[in-house]
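The listed protein sequences derive, respectively, from chains A and B.
As numbered in the working numbering, residues 22 to 611 make up the first sequence, in order.
As numbered in the working numbering, residues 46 to 296 make up the second sequence, in order.
Hints should not be assumed to be uniformly reliable.
Not close to chain B: a few residues of chain A, all C-beta gaps over 10 Å, as computed [what the hints assert, rightly or not]: (1) A50; (2) S94; (3) R240; (4) K391; (5) S453.
Each pair of labels, with its calculated beta carbon distance range [what the hints assert, rightly or not]: (6) B:A153 <-> A:N327: 19 to 27 Å; (7) A:I559 <-> B:L211: 55 to 63 Å; (8) A:I412 <-> B:E84: 54 to 62 Å; (9) B:K90 <-> A:S173: 53 to 61 Å; (10) B:L271 <-> A:I412: 30 to 38 Å; (11) A:L371 <-> B:E84: 54 to 62 Å.
Source of the hints: derived by calculation from the structure; they are not laboratory data.
Note that the structure is a prediction, hence the values are computed from the model and not measured.
C-beta: ideal position from N, C-alpha, C; glycine also.
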Amino acid sequence: MKMIMRFTTILFLAIFSQNLIAQELSFKATVSKNSLGSNERLRITFSINKQGADDFTPPNFKKFKVLAGPMQSTNFSYVNGKQTFEQSYTYTIQPIKKGVFTIPSATIKFDGNTIKTNTVKVTVTGAVEIPKDPNDPTYIASQNIHLIAEISNSSPYVGESISVVYKLYVDVNNVSVRDTREIESPSFNGFWNQNIDVNKWQPKMGEFQGKEHRYVTVRKTVLIPQKTGKLIIEPMAIEVVAGVPVGRRDLFGNMISRNTTFTVTTGTRFVNVKALPVENKPVNFSGAVGDFDFDVTASKTELKANESAQIKVEVSGKGNLKLIDLPTIETPNGLERYEPEHKENILTNLSGLRGKVYDQYTVVPQYRGKYKIPPVSFSYFSLKNRKYKTITSDAIVMNVPQGKTPLTDENNTIVKRDVISTGINIRYISNSTHFEPIGEKEDFLNSNLFYALLILPLFSIPLGIFIGKQKQARDNDVVGNKRRKADRLARKYLSQAKKQLGKKEEFYIALEKALHNYLKAKLQVETSDISKDKIADILKHKNVDESIIADFLKVLDDCDYARYTPTSNVMMQQEYDNSKEVISKIDKQL
Amino acid sequence: MKNILLIIILTFSSSLLAQSPDSLFVQANKLYQIEKYEEALAIYKEIENSNVQSDDLYYNMANVYYKTDQVAPSIYYYEKTLLLNPRNEDAKHNLSFAKRMIIDNIEALPKTLGQKFSKSVIHKFNYNTWAYSAVGFSFLFAILFLLYHFSYSSVNKRFYFLSSILSVIFIIITVLFAYNNYNHTKSYRAAIIFAQQSDVKSAPTNASEISFELHEGTKVELLESLDGWNKIKIADGKIGWIESSDIKELK
């Protein structure tokens, strides 16, 4: 029984221990070699022997470059009842420099715990000569076939055109090319590019690396850098089927060669693009680089309204013509401008673009008159002397002698006028004028005179009323009026006599005449020829007082006498006064 | 001795003749007639500098500029003609031609009834003309009032009363117009853009952003000025700052 017990214990232990061994967790790092040359590669594998690990974190390969990986593999086997499991992560790495390095541990999570691998020490020695098989046909071919990208200028300005020519050099003494296939086209990011067609692969002789080679031009491209900085030209790759002689001859003495396929590539090329200088950069510069000519021309400058003319804005020359923004023209109101027609006539060759681009505008004047299209300028960066240049066109004046007259601001109606064919459509200058001195000409408004004249009539109203009132009062005074009237009459008739005062003869004639004239006017009787008695009768008939009649006749008599008697000035004056008095008296009574 | 005197008199009179603006004007007009614009312009300028003015002179100068395709000066002088004599029909007519050469197309703000009235009536005449007519109406009023006062028949009285009231109204209107016109004339300052193209900025500094751009010949209203900058307003109501060297004020 004791024996049985013991056996069972051993059995149990055995089974148990076996189980224990199978269950032991290990996570380790292994390398393909611990010592290598700096041009060799190394494989490192991190493996765990238990299922269920998660969250693998690779170590930091500081002095190594990861070429490939991680490659993950899982291996599960069951041999003779024994179960094995392996999960691994493999990296291919290459050392960056020489020395002894320690690759740190990687980590993984298992069952909630983080487990680490061991660290690995690696010794990197100098570059090791990788043995080459000189008889390997691919190797021979690669030594004798080269693809070269020739860049005309590796540090151009932005906008300056450069060219890339791809040439395939073949040393025909050693290999022959059977077939080629372009497997990777170059790409030009940051460049405007245009291929120049290569029609036929024309083999030419040329020297390469000091040896005579035969070459063909595979591709030609014109590039115009669009941005500054280091721009990459991605490589071009060509798959070449090359015939490599194996060194034996066939029955007929011809060389036997073996075909091999391999890829030639140009490798990545860089172009360092310079920025255009900032100083003296014109405001209207829009990126034109090269050598240009600029011109604005009109198809005609003399036309009728509603007829069309073409205006051409043209840039010609050499440079990045396809990338130029042509300046636009501006036209006055009445000159309608339509969207331009853009035309190009450009030749592309290795030295760049050459030709001309132009915008052709159609303009239609709507009214009679003159229209001025202002000058337009075009700026470019001249590669010849590395300076900015600006060309300004002349202004174009279009003369439209016939057509509608423009609307005038005043009434907004179209004034129809006869068509004048002289071409002069503005009115002529004025030929006479009146000049006045410039300066502080006193304004009438606000002047004292203005205020005075404005107020004066208002003040004159009371004055006028006062005068009017007085006049009325006088008009109402009948006697006074009669007297004033008679005085006025007497003065009127005697005025002639008064002038003759002092000259005896003339005075009395005038006086007598005046008296007669008075009667004539008053009585409508011609009295000069009738006797004094008759006059007295007529006057009496008119109810004139006797005494006044007597006075009147006395004056007439005096006139007669005085002519023949000596008189003095005093007497004449007296006579004058008498007659004046008599006339007023008679007048009052008539 | 006699000869010398004669020569002195002749030279003196001829020099007088040469300096008289009227004879210069005639001379320049003759040059214009034979299309010697440059020479004519030189003489017109000489007259302009001799401290005299006339709307005809400015009008002729504007025509010369028009003939020689100089947009801004042409418009400047037409406007100046109209400033001096707002009723110069020839200048108005030719200005509408010269304006064809302006690039800017500014849609003028629609005018209110009041603005239309003020343009077609109040600004049709100079404020002095309004002042003279106010004085005229004042006299007319005094006469009509006296006639009213002294007339006896009721028909006459009614007529004179009404017409005198009417002339009082006219006095008030013409005086108001005169002052309205006067204030506008004194405060309104305009200028013509002389630069081929000019940026109008949002503030009077070079660094400020461009609000809009104007071209040669466009008329702007001046609002204020500051350190070589002028605040301007254009016909559609836009406001901005322009460099004073780009414009020439009408005055």
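Here is what the structure says about each hint:
1. No Cβ of chain B comes within 10 Å of the Cβ of A50 of chain A; the nearest lies about 64 Å off, and the non-interface call holds.
2. The non-interface label for S94 of chain A is consistent with chain B: the shortest C-beta to C-beta separation is roughly 65 Å, beyond 10 Å.
3. Every CB of chain B is more than 10 Å from the CB of R240 of chain A (nearest about 47 Å), matching its label as outside the interface.
4. Once the 10 Å rule is applied to beta carbons, K391 of chain A is inconsistent with being away from chain B; the minimum gap is 6 Å.
5. At roughly 7 Å from the closest C-beta of chain B, the C-beta of S453 of chain A falls inside 10 Å, breaking its exclusion from the interface.
6. For the pair A153 of chain B and N327 of chain A, the beta carbons lie near 25 Å from each other, so the given range of 19 to 27 Å is met.
7. The hinted window of 55 to 63 Å between I559 of chain A and L211 of chain B holds, with their beta carbons roughly 57 Å apart.
8. Checked against the hint of 54 to 62 Å, the C-beta distance between I412 of chain A and E84 of chain B comes to roughly 32 Å, which is inconsistent with it.
9. Between K90 of chain B and S173 of chain A the C-beta distance comes to about 60 Å, which sits within the given range of 53 to 61 Å.
10. Roughly 37 Å separates the CB atoms of L271 of chain B and I412 of chain A, a value that falls within the hinted 30 to 38 Å.
11. The given range of 54 to 62 Å is respected by L371 of chain A and E84 of chain B, whose C-beta atoms sit roughly 58 Å from each other.
Hint violations for this structure: numbers 4, 5 and 8, all remaining hints satisfied.
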